[in-house]
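Colleague: Chains as they are written, first to last, in the working numbering: chain P, 16 to 75; chain B, 412 to 967.
Treat the hints with care, as some may be off.
In silico lysine-lysine, DSS-like type, Cα no more than 25 Å apart, as pairs [what the hints assert, rightly or not]:
1) B/Lys965 / B/Lys785
2) B/Lys785 / P/Lys74
3) P/Lys75 / B/Lys965
Quick list of the computed label-pair ranges, beta carbon to beta carbon [said to hold, decoys possible]:
4) B/Val762 / P/Thr43: 17 to 27 Å
5) B/Val762 / P/Cys53: 44 to 54 Å
6) B/Val725 / P/Thr39: 50 to 60 Å
7) P/Ala40 / B/Thr596: 14 to 24 Å
Just so you know, these hints were derived from the structure itself, not from any lab. All values reported here derive from a predicted model rather than from experimental measurement. Note that beta-carbon positions come from the ideal geometry of N, C-alpha and C, so glycine has one too.
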Amino acid sequence: MRLIALLVIVGGWAIAMSGLFLTTASTTRILFALVGICVSLFGILGVLNQYYLSRAIWKK
Amino acid sequence: MKSLKMKIYLLLAILGVSALMGFATLAKAEGTALTDQDLTSVSAPTTTDEIAAKGDPGADFTGNVRDVTVSDSKKGLTLADLANQAGQNKIAINFVWTLICGFMVMFMQPGFALVETGLIRAKNANHTMMMNFMVYSLGLFAYYVCGFAIQMGGVAPVANLGGLYPLNGEHVVNFLGKPWGLFGTKGFFLHGTSYDVGVMVMFLFQMVFMDTTTTIVTGSCAERWKYSAFCVSTIGLGAIIYPLFGNWAWGCGWLSQLGVNFGLGHGYCDFAGSGVVHSVGGLTALACAFIVGPRIGKFNRDGSPNAIPGHDLVLVLLGCFILAFGWFGFNPGSTLGASGNGALRIGSVAVNTMLAGCTASFAALLYMWIRYGKPDASMTVNGLLAGLVAITAPSGFVNPLASCVIGWIAGFLVCISVEFFDRVSKVDDPVGAISVHGVNGLWGVIAVGLFADGRSNYGGSWNGVAGGVKGLFYGDAGQLVAQLIGVATLVGIIFTMSFLWNWLVDVVVGQRTSAKAELAGLDIPEMGALCYPDFQLKAQDYGSHIASQAEAVKSK
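Can you build the whole structure from these sequences, using the hints too?
Modeller: This is the structure in structure tokens:
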């Protein structure tokens, strides 16, 4: 699960970077960057954090 | 001719940063070109014997033409001597400025130590203090060995510090038709050609910045971090992770070249390190907090958080003020000089820093007062720090009004973020380091892309792109793209690297102390001595749930 989370996080960065090559319009590049950041944050807070929450000591 | 001599005295008295230019102007005003011959008739205002006899209480004679170094005593004073003296004076001013600012940033270490120690329980005070103490040595060593070279090994030329020409090696790969600078290759162990006066100044200044990053992590993992794991983790951060992002942003790496290579404004701009220093530290703090896990008793079985108050608010408030003072070295010092190349903006940078901290502490105080009915001290402190973190990247590019807005937003943001990590994400961060440094560091990076007003002019260009840095509100959407790419890199790459490194440390060393040590307090089990041996420490009662959490830590 942790590796999947890391893949999602890095994937977000890749989405942001792809905007630089796929378009020259600033607005579209901003959109790519924002989507990429959201995907990375989802990987951190939605996937990785959930993994650790599922094993949290206070749930035992 | 007499009038010309008087003018020359005046220029020397001002200590001649622009002496050569001044001479040229004066000579033109007189209608004749100044020659070495003209300088032969220049004499000092009084003799050394007279000064020795009477002293110079009014500073009328100390520092005059006699103090200009003459290269050839037979020729006497020449224009070349004056020009060289003026050049060295400029670089000397910049060296002294940068070093003193570096010393101030170094003094932020006790500030961090006091804030963090004040916010944790007395039974862990020695442990927390010692973490903050040792990040200095551990980080410095790692940075000396390879961190500095990776970060700044290809940064030359830096005009304010005399060029730094020995740092001329950047490893660049070509990918999809663009050059991508990845890491520096000169300056390992400060050996060989990097044994250079300018390089030493740059090393000291950059080292204390790196040190700030490493000390952020100790806050989020306080009260349950195994000391040996902390040592290993810090070395990795100081040697590799921080320097890599530092290179991409400040060392002529690929982020800084987004303007040149992709036409994105001036490339990624981070004046003093909201991203490089604070976000890297804050995101590493988050990665470590995941791995280490929450303190025993922080959360109840239903997930609701318990407040674990710190043991000394005096330390917290005093530490915060020390940090605020040190920030005047952090941000204005990032001009790397006070003379030339637009460095006179140091006043503007300092005022921006001051204003953002002010409005942020206001905002945090207001938020807590309205929401909880009391002006909370620890969150007001975090508000001030959040404002300072947020203005760190934009401080050199924005105006005072924008600084107030950036700080104001940071003050609210830190409160909301602390609540989010406490109640929604359930990440235990005893001092709020993730919110203060991570979240507001990212906000600071974005703020450059919004509020930079294009009025700054550091030698005519920034990151190789001519003109001042302009954000979206001043007409350059490309700058915002560059900043967002920086944020994506911090969140996507730097967080991942930090997580992988600390995961490895967890597997090899083990990140968390034993439950027994944590419940007893880390001072004796980890450090062998209590911070307050004469005090009677009182255990906090979190109910019967503590035992099951302790068992869970044991079985990890």
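Colleague: Please go over all the hints and tell whether each is borne out by the structure.
Modeller: Hint by hint, here is what the structure shows:
About 39 Å separates the Cα atoms of B/Lys965 and B/Lys785, which puts this hinted pair outside 25 Å; it is violated. A hinted pair counts as satisfied when its Cα atoms are at most 25 Å apart, and B/Lys785 with P/Lys74 does not qualify at roughly 32 Å. The straight-line distance between the Cα atoms of P/Lys75 and B/Lys965 is roughly 12 Å, inside the 25 Å bound, and the hint therefore holds. For the pair B/Val762 and P/Thr43, the beta carbons lie near 37 Å from each other, so the given range of 17 to 27 Å is not met.
With their beta carbons about 35 Å apart, B/Val762 and P/Cys53 fall outside the hinted range of 44 to 54 Å. For B/Val725 and P/Thr39, the hinted distance range of 50 to 60 Å is satisfied, since their beta carbons lie about 56 Å from each other. A hinted range of 14 to 24 Å for the beta carbons of P/Ala40 and B/Thr596 is inconsistent with their spacing of about 36 Å.
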